[in-house]
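Participant: Read off the chains here:
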Amino acid sequence: MKYIDTTVVERKMGKRLLANKIARLVFLLATFFGTAVLAVLIYRVVSDSMGWIDKDFLLNKLSTDPERAGILGAIYGTLWLMAVVAPATMILGVGTAIYLEEYAKKGKFQSFIQTNISNLAGVPSVVFGILGLTIFARALGLGSVVLAGGLTMALLVLPVVVVASQEAIRAVPQFLREASYGMGATKWQTIKNVVLPAALPGILTGVILALSRAIGETAPLVVIGIPALLIPLPNGILDKFTVLPVQIYYWTVDSALTAEYANLAAATIVILLIVLFAMNSIAIIIRNKFQKRF
Amino acid sequence: MDRTTGEKRLDISGLIEKKKKTASVGTIAEKMIPGILFGIAAISVLTTIGIVLTLLTETVLFFKEVPFLDFFTGTKLKPLGKDAVFGVLPLLTGTLLSTAIAMAVAIPIGLMTAVFLSEYASEKLRKILKPMLEILAGIPTIVYGFFAFTFVTPLLRSFIPGLEPTNILSPGIVMGIMIIPMVASLSEDAMSAVPNAMREGALALGATKLEVTWKVVVPAAISGIIASFVLGISRAIGETMIVAIASGSSKNFTFDVTQSMQTMTAYIVEVTGGEAAAGTTLYYSLYAVAMTLFVFTLIMNLVAQYVSRRFREEY
Amino acid sequence: MGITAGNINGTSAQGIGKKNIVYSTQDLNLWYGDGHALKSINLDIIENEVTAIIGPSGCGKSTYIKTLNRMVELVPTVRISGEILYRERNILDKEYKVEDLRTRVGMVFQKPNPFPKSIYENIAYGPKIHGIKNKKVLDEIVEQSLRGAAIWDEVKDRLHQNAYGLSGGQQQRLCIARCLAIEPDVILMDEPTSALDPISTLKVEELVQELKKDFSIIIVTHNMQQASRISDKTAFFLNGEVIEFAETSTIFSNPSDKRTEDYISGRFG
Amino acid sequence: MGITAGNINGTSAQGIGKKNIVYSTQDLNLWYGDGHALKSINLDIIENEVTAIIGPSGCGKSTYIKTLNRMVELVPTVRISGEILYRERNILDKEYKVEDLRTRVGMVFQKPNPFPKSIYENIAYGPKIHGIKNKKVLDEIVEQSLRGAAIWDEVKDRLHQNAYGLSGGQQQRLCIARCLAIEPDVILMDEPTSALDPISTLKVEELVQELKKDFSIIIVTHNMQQASRISDKTAFFLNGEVIEFAETSTIFSNPSDKRTEDYISGRFG
Amino acid sequence: ACGGDSKDNADGLEGSVVIDGSGTVFPFMAKMGENYMGEQENVSVEVSRAGTSAGFKKFLVENGTDFNNASRSIKDEEKAEAEKQGIEVQELKVALDGITIVINKDNDWAKELTKQEIIDIFTASKGKKNWSDVRPDFPNEPIKTYGPNENHGTYEFFYEKILEEQALPEKINLQQDYSTLVDLVSKDKNAIGFFGFGYYDNNKDKLSAVNVDFGQGPVEPSLDTIKEDGDYAEFTRPVFTYLNVNHAKEKPQVLDYAIYTMENAQEVAKETGFAPLSDEDKQAALDALNGLKK
Ligand SMILES: Nc1ncnc2c1ncn2[C@@H]1O[C@H](COP(=O)(O)OP(=O)(O)OP(=O)(O)O)[C@@H](O)[C@H]1O
Ligand SMILES: Nc1ncnc2c1ncn2[C@@H]1O[C@H](COP(=O)(O)OP(=O)(O)OP(=O)(O)O)[C@@H](O)[C@H]1O
Ligand SMILES: [Mg+2]
Ligand SMILES: [Mg+2]
Ligand SMILES: O=P([O-])([O-])[O-]
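Residue numbers (the working numbering), protein chains in the order written: chain A, 1 to 294; chain B, 295 to 609; chain C, 610 to 878; chain D, 879 to 1147; chain E, 1148 to 1441.
So here's chain A without its partners, still in its complex pose (with noise of 0.2 Å):
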């Protein structure tokens, strides 16, 4: 059998290595190019912000003068926000997650809650909006409150926790189970004692994570309505709010009225970065930190 050329082979050799170079260089060049828009668009926010951020832009209330107007609010708004969802999720997403690893039979229902908070993962965040405005907002009355935001927000970010913390009760070894139930400790004081402390730096990397989610989404809160003006800071969950995300919406739309208004949104955009980033390293640390440990 004689098709394989060897000459023919060694000639197209070099074409064949040149493609493969170009298109190291290609995937190269796209692999960069997310890092590049990163880049560019760090670069424009913070250009934007120069000069805006500065101790007033922290500390005063919302106004309509730009040069008087400042995030406090948004701020407030968003540690209230915060106040609800962690707690909200910590117990939904960490509940279910033992649910489902810990007492669950494995078996149809278990894989059918399974899929649905898959599912759920996947469901556009302005549904979740208009499940706030019609249960929370409307028919609990609640009105476009801290408590109904924050709820909302908690069942939108409750996939991320809980699959983050069903990972980290998986990976606790049965050993550890064993040694516990062979004192005689019954299921419950395990999981207590044993499984959660020990899943614990899982678990809390899901909850800051879900947590940064929560910070960064806008539409739910505009679907369930924040006021285009509120100045007042918010004292308690039932008060109306605004937050960060939502006042960049409004500055940015407003910024056709106002051209300055563009500034305070690049500022605020700026601080919410800060946040987001801040909470990730937290979040990666832990992860590294407890990574390896059994």
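In short, the hints are calculated from the structure, not lab data. Among the hints, a few may not be true.
What the hints assert, rightly or not - Under the rule of at most 30 Å between Cα atoms (straight-line distance), these lysine-lysine pairs were calculated in the DSBU-like manner:
no.	chain 1	residue 1	chain 2	residue 2
1	E	K1262	E	K1308
2	A	K61	E	K1291
3	E	K1291	E	K1276
4	B	K509	A	K289
What the hints assert, rightly or not - Facing chain A, according to a computed beta carbon distance under 7 Å, are these residues of chain C, among others:
no.	residue
5	F724
6	P725
7	I738
If you're wondering where the values come from, they're calculated on a predicted model, not measured in any experiment. Beta carbons are placed, not taken as given, at the ideal position from N, Cα and C, and that holds for glycine.
Starting from the known structure of chain A, fit chains B, C, D and E with the ligands onto it as the hints suggest.
Facilitator: Leaving out everything else, chains B, C, D and E with the ligands in the frame of chain A:
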């Protein structure tokens, strides 16, 4: 048990025995906890049911006022005023066009990124690039919206003269950029799962890296890759803030991407922002559109799950 | 529960003299799904003795020992028939609370499995879950248990450090101490030294000898020498059956079954 | 490249007669990071012979064979010194294109690694990437290669089914066929039968005997019988060194080194 | 009512004032609310801008908004609804606005148009597709029409009072947000749109206003010409806020805010691009409000 070891010892078992008589409260908690946890786990199911029910009940009311066929075949959407018309096609074309543009950006770049990371990049480079992508993935969509509106649109307008100040092209592109990390990381997972033995088999035949990638690794990982595309599409369909800011609210029925158009998501934001009063057709239309949106993304997610489950069984 | 008391002598093949029976296993069968892992086991365990269980891999040693504290039930597919009388009550009875059982019957596992907590917390874990909150009492239990497991001197200065900082042998003795902290009646040990180096193994063996003054001990081992060194009785398992159960000296010097002889002389397993 | 030709006789311990040398390895050293895996290897491979490489686990057999087609470079930490002349050109030269080399030197791996494609596509893959597009020609190559690997009859009716439907032994012969499809000059085999049952092993061994008419074959094996059955020459590796390299019959009947003798008589390894 | 001593709540007021409605009036009311909160620290004034008509829907319900801003007067059907709900409504005229016809800065041909030409441009049946259809010497390029959508009083005023209920062009670009409109017109050379004077006034650098010829030569819209008897009178309209009197009686801060608004209306109007109302109108409103005090 009286142990006789001489030295004085604590009678632990006695202590435990004593405590046990008073510890019945604990047993009640023990019995209740599975129930409580079940209740908590059920909330995720309730949420889904809640979504479906809220959407469904109002959607049914909507279709009492606007015939089903008119809604899905209507090319005109004019939700306000006395001569309101509800045709969803303008929103569907808006959504589909923005999704198509986004995927035209995200699929090639995301896939090439995945190929680079899984097949070409050294371990060191990967360690730098992956966190970058993670950052890109973590940027809130409102920020992308701002970016599209204040940077990408003006930039595009400088060389596409006919481009309207709000249009579907610019948010589509930015949405694509936003989705790149998702496509890249899911596709990379799929490619990394292809056993090295396959790469070696091909390399040993004199294949170049490109040939290994294109003819062995990518085909072997294809279902995972496709799943990443489908999830990307689902994400694009559901994306809201970028289009709400940068694509305007014109309810044009057109395929011209330089025009201002509205997506289903942006319609929802507009209508709730105008705060439609309950009981009006406008209000119901919100739910009909949201239902359509929900069904679309649900189908996409199920498809993605189905495809990637098949993929996991392959080797 | 006096009803069953009469059965004990009848079902067991061994003579018991006047010593107390702790565990009496009666016609125990166990299946993992369709796999018949234990077949008609009859076995009596005597108080304050060390009973060794030997046999080739997969013969059901771990399964049997885990049945004695019902740990085997963690495998969802398990089905059990027969009776195991512990102190004359059938532990396989639905009524019997496993938690109670496991408080009376401690277990030491093949791989040391301390909790990722401090040494102190590891020992205090058991008493705490059983409701002992008093700090003084806990302190005392911790010291007493660590002394009991012959590890007190090695760890007394680092009680609040993480238990994962200990060597494998220390970890295993810590696990034994953890067991002692709830002052069990019986201690089950599933190849407690197989993950340890020879010196640590020796220490554990000495400890077992010491402990049998206060506890009844059942130990699974792969190591024939170990069984002969430390146990009073030995049971030889094969394919889920008890082939022979007798005084350790008898088993090793004069086994009555050919298969036992083959096994202990290293001809298979 | 004629310069090196003169060295060949000098460096190799074996007489070569008038046969052609395919590979001449000269003072080859290889490190994985700090681990010195190959130490001053000198070895000549003769055309149309089967050369077996034997030695205990970790001695560097796979490393050596993977160096012959520079597959070893996939490990990022690898450093190499020395020369390997393949057909009188130094393949370790930067100039030498690995793709060319690998087109001339086929490789069969320990675990069968067909592509997740149809049987036909598996075989056609090599020719296709090397530029053969003609369907007729491809068909013929596929048939010939499968015949060459003695598997044609078993698969001819299912050419377009997925290769993963084949048994392990069939898969391995498919991989050999895939190798043949690019008409290599040399075939490297790294324990090609260690994952196969005895019958499949026999078939592959027969195949190797058949193939040596057309190809030079280097085969790594753990199986002493296999080496003695199928090879002409045998190299014994130990700790990264070639201890002995000679006619297979000599190695197995009359080794000159004590360590070789120990190894083949099963005293270690 | 000066809340200088914030601890003494008997003197200072507290609670919230919720305002929605007209986007035209929004800048006026936002400024007003902000000023008010500067004086009454414990009162929270929320201002939104759903549009006049949408705003009335939120105003005329149980527990509705306290004020509804409107760029047209209340309709009969809305009055009927108020009666049905048992809500007593007090109309407060706060300022005067001129419907301003805006074009792109680069538009150098349509700086002056007759009222009829404007009507023709915005009337579907007149079929003015290109600028050259309006006047032959205008460029032969498409006319792009813009305006606020049907949520807005401005639309309704334009449609009812100026177009006399003739249908608008099919392709008109109607928007919810005025900022979007400003942006669109400022970036589209062939654009022509309409909205309140204030939005033009704030964006003079981005937009040009059409000087309208009502018969006596072109009139530039300005705070001087926009008067009920001024030269721009035909396009002038009063803008209002409607007070829920029931709320004003229950909640002192609502009534106080109403009085504050009327006292400062003229001044804030000027700052936000409205023509001030007459002193008589102001006094009449104040009298009515003071009458609501117990
Ligand atoms: N969780 C399980 N599910 C199904 N079968 C099991 C399970 N655990 C053990 N088995 C089976 O039960 C039989 C007895 O296993 P067991 O672990 O008791 O053996 P062993 O004597 O302890 O062996 P070794 O000495 O290897 O620890 C074996 O055939 C084993 O495969
Ligand atoms: N990728 C690698 N990185 C670092 N060291 C390696 C790597 N691969 C092999 N080694 C080391 O190089 C030495 C030789 O390994 P090699 O795989 O060549 O042995 P072998 O003779 O093929 O053994 P076996 O019979 O088990 O296949 C061993 O010490 C091994 O640990
Ligand atoms: Mg075992
Ligand atoms: Mg090897
Ligand atoms: O927002 P409007 O003033 O036009 O109702």
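Participant: Would you mind marking each hint as holding or not holding in the structure?
Facilitator: Verification of the hints:
1. K1262(E) to K1308(E): Since the Cα atoms of K1262(E) and K1308(E) sit roughly 13 Å apart, the hinted pair holds (cutoff 30 Å).
2. K61(A) to K1291(E): Status violated; Cα separation ~40 Å.
3. K1291(E) to K1276(E): With a Cα-Cα distance of about 8 Å, the restraint between K1291(E) and K1276(E) holds, given a limit of 30 Å.
4. K509(B) to K289(A): With a Cα-Cα distance of about 40 Å, the restraint between K509(B) and K289(A) is violated, given a limit of 30 Å.
5. F724: Holds, because the Cβ-Cβ distance from F724(C) to chain A comes to roughly 6 Å (cut-off 7 Å).
6. P725: Since chain A brings a Cβ to about 6 Å from P725(C), closer than 7 Å, the hint holds.
7. I738: With a minimum Cβ separation of about 5 Å from chain A (threshold 7 Å), the hint on I738(C) holds.
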